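First to last, the sequence lines map onto chains B and W.
The first sequence: position 71 = 71 (the numbering used here), numbered continuously.
The second sequence: position 178 = 178 (the numbering used here), numbered continuously.
Simulated from the structure, these hints should not be mistaken for laboratory data.
Predicted, not measured: the structure shown is a model, and the values here were computed from it.
Careful, some of the hints might be misleading.
Once the Cα atoms are required to be at most 27 Å apart in a straight line, the calculated BS3-like pairs of lysine-lysine come out as [unchecked claim]:
{"id": "1", "chain 1": "W", "residue 1": "K131", "chain 2": "B", "residue 2": "K118"}
{"id": "2", "chain 1": "W", "residue 1": "K153", "chain 2": "B", "residue 2": "K118"}
{"id": "3", "chain 1": "W", "residue 1": "K178", "chain 2": "B", "residue 2": "K118"}
{"id": "4", "chain 1": "W", "residue 1": "K257", "chain 2": "B", "residue 2": "K118"}
{"id": "5", "chain 1": "B", "residue 1": "K214", "chain 2": "W", "residue 2": "K153"}
Estimated spans, in silico, between C-beta atoms of each pair [what the hints assert, rightly or not]:
{"id": "6", "chain 1": "B", "residue 1": "S207", "chain 2": "W", "residue 2": "G235", "range": "57 to 63 Å"}
{"id": "7", "chain 1": "W", "residue 1": "R204", "chain 2": "B", "residue 2": "R215", "range": "40 to 46 Å"}
{"id": "8", "chain 1": "W", "residue 1": "R204", "chain 2": "B", "residue 2": "S207", "range": "49 to 55 Å"}
{"id": "9", "chain 1": "W", "residue 1": "S38", "chain 2": "B", "residue 2": "P68", "range": "58 to 64 Å"}
{"id": "10", "chain 1": "W", "residue 1": "R204", "chain 2": "B", "residue 2": "E213", "range": "41 to 47 Å"}
{"id": "11", "chain 1": "B", "residue 1": "S207", "chain 2": "W", "residue 2": "A143", "range": "40 to 46 Å"}
{"id": "12", "chain 1": "B", "residue 1": "L29", "chain 2": "W", "residue 2": "Q130", "range": "36 to 42 Å"}
{"id": "13", "chain 1": "B", "residue 1": "R49", "chain 2": "W", "residue 2": "Q249", "range": "46 to 52 Å"}
{"id": "14", "chain 1": "B", "residue 1": "P68", "chain 2": "W", "residue 2": "V84", "range": "57 to 63 Å"}
{"id": "15", "chain 1": "B", "residue 1": "I56", "chain 2": "W", "residue 2": "R204", "range": "36 to 42 Å"}
{"id": "16", "chain 1": "W", "residue 1": "A8", "chain 2": "B", "residue 2": "I50", "range": "57 to 63 Å"}
{"id": "17", "chain 1": "B", "residue 1": "L70", "chain 2": "W", "residue 2": "R94", "range": "37 to 43 Å"}
{"id": "18", "chain 1": "B", "residue 1": "G79", "chain 2": "W", "residue 2": "E34", "range": "56 to 62 Å"}
{"id": "19", "chain 1": "B", "residue 1": "I56", "chain 2": "W", "residue 2": "S55", "range": "40 to 46 Å"}
Each residue gets a CB set at the ideal place from its N, CA and C atoms; glycine is no exception.
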Amino acid sequence: MNESLWDLLLRSFLPIVGGAVTGTIPLALLSFALGLVIALGIALMRLSRISVVSGIARVYISIIRGTPLLVQLFVIFYGLPSIGILVDPWPSAIIAFSLNVGGYAAEVIRAAILSVPKGQWEAGYTIGMSRGQTLVRVILPQAARVSVPPLSNTFISLVKDTSLASLILVTELFRQAQEIAAFSQEFMALYIEAAVVYWVICLVLSSAQSVLEKRLDRYVAH
Amino acid sequence: MSPTDPLAPAPLDAPIEAPLLVARGIRKSFGDVEVLQSIDLTVPRGNVVALIGPSGSGKTTVLRSLNGLEVPEAGTVEFAGGDVVDFAQRPTKRQLASLRDRSAMVFQQFNLFPHRTVLENVIEGPVQVQKRPKAEATADARALLERVGLGAKADAYPFELSGGQQQRVGIVRALALKPQLLLFDEPTSALDPELVGDVLDVIRELATEGWTMVLVTHELTFASHVADTIVFMDGGVVVESGPPSEVLQNPREPRTKQFLHRLLDR
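Kindly generate the complete structure, drawing on both the sequences and the hints.
What follows is the structure in structure tokens.
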């Protein structure tokens, strides 16, 4: 490897990691947190006995899963202005990503809630709890354990999907790499560098997942 | 029985002569199958009523109708001093709450909360639902656990306990609510045979302490010792009911005789 390329990789490292710290990571965390709130709401609607309510949730999930994330992002950032709604890059990205997580994670949460035995609901009712109380204090803690692996997948996918935000002018990891690559014309080196940084972030997330699973396993027979 | 005995039932708030619970005309179908055809059940205060009968006779459904876990199509359930819940209309939240405030249930599969310790399982209802001070609920819970021989297990998680221990926690969780009526749904059916005795001992003790209970069971010998009334059900109807000396020792109905024979011939 020639010296100037090595030098370029070193000099680009800080801006790229900076893009991760100020762009990719907060974008992913915020969108995931909001997305989980949406997902819980959609999952509960989906489980509702009122068919209109569960129907709305079903349609929502179908649209989110049936259309590309990039298209959803473009509809919000480039589409809405043509009907008079201007949304800045960051809010656009957060709206698109959290709506997207909301659709995918809703099915995970719904399945996790359904995986808790019916007897747990009944035990809650017979000690006098309401549906809401039983959900919060009995069902969701148990559903959380079941949903950690699939939700970790969703989160790791999201971290990588935030690179799409570079296309709506959000300065994050990949956009930093793109700009330096365009300037230096060293595309291969810069994009591989960006890929490595994504990979390291995802490795950290995977080990965080194992720690969380162990913690939630403390009350389960082994 | 001392006044501070943690196993003692709560004092009653209505005249002592009236039965604690009266259910009338309970009907229930699952799809086309009519599992209960107009069941009547009276539970006097301090009495133990045992529901017996073959599988599928509807005894568990009767029990679950008494606290609204199963919603019958018709019939009424009335606690002394409480509302008459008429299942002809869909029961309101308030009506279901009034049934569940007065009763507590012990399940065949224990249904302990696996993510909470034994102590947390027991105080969950008193603290979260009845809003009793946590310190007081904890002290009561520890005393109850001590009484059933599980004082040392307060901080264990359910998976660390045997089935018999889990079921005793299930009973303590029910008692901690200080209900007027205890409902037992085949409390020993999921237990290994050598663990059944410990659980039956606790239930027997509750019976002598004066608790009012409805018990679905296959343990006929046990039922004949603790029950004041045996209700024999088959095919969704009450075939015969009365004291154990009649229903178990001198049954009138051929179906009762047949059922008892089959069990005793094993």
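Each hint, compared with the structure:
no.	hint	result
1	W/K131 <-> B/K118	holds, 25 Å
2	W/K153 <-> B/K118	holds, 26 Å
3	W/K178 <-> B/K118	holds, 24 Å
4	W/K257 <-> B/K118	violated, 36 Å
5	B/K214 <-> W/K153	holds, 23 Å
6	B/S207 <-> W/G235: 57 to 63 Å	holds, 59 Å
7	W/R204 <-> B/R215: 40 to 46 Å	holds, 41 Å
8	W/R204 <-> B/S207: 49 to 55 Å	holds, 53 Å
9	W/S38 <-> B/P68: 58 to 64 Å	holds, 60 Å
10	W/R204 <-> B/E213: 41 to 47 Å	holds, 43 Å
11	B/S207 <-> W/A143: 40 to 46 Å	holds, 45 Å
12	B/L29 <-> W/Q130: 36 to 42 Å	holds, 39 Å
13	B/R49 <-> W/Q249: 46 to 52 Å	holds, 48 Å
14	B/P68 <-> W/V84: 57 to 63 Å	holds, 59 Å
15	B/I56 <-> W/R204: 36 to 42 Å	violated, 54 Å
16	W/A8 <-> B/I50: 57 to 63 Å	violated, 45 Å
17	B/L70 <-> W/R94: 37 to 43 Å	violated, 51 Å
18	B/G79 <-> W/E34: 56 to 62 Å	holds, 58 Å
19	B/I56 <-> W/S55: 40 to 46 Å	holds, 42 Å
Hints 4, 15, 16, 17, counting from the list given before, are not met by this structure.
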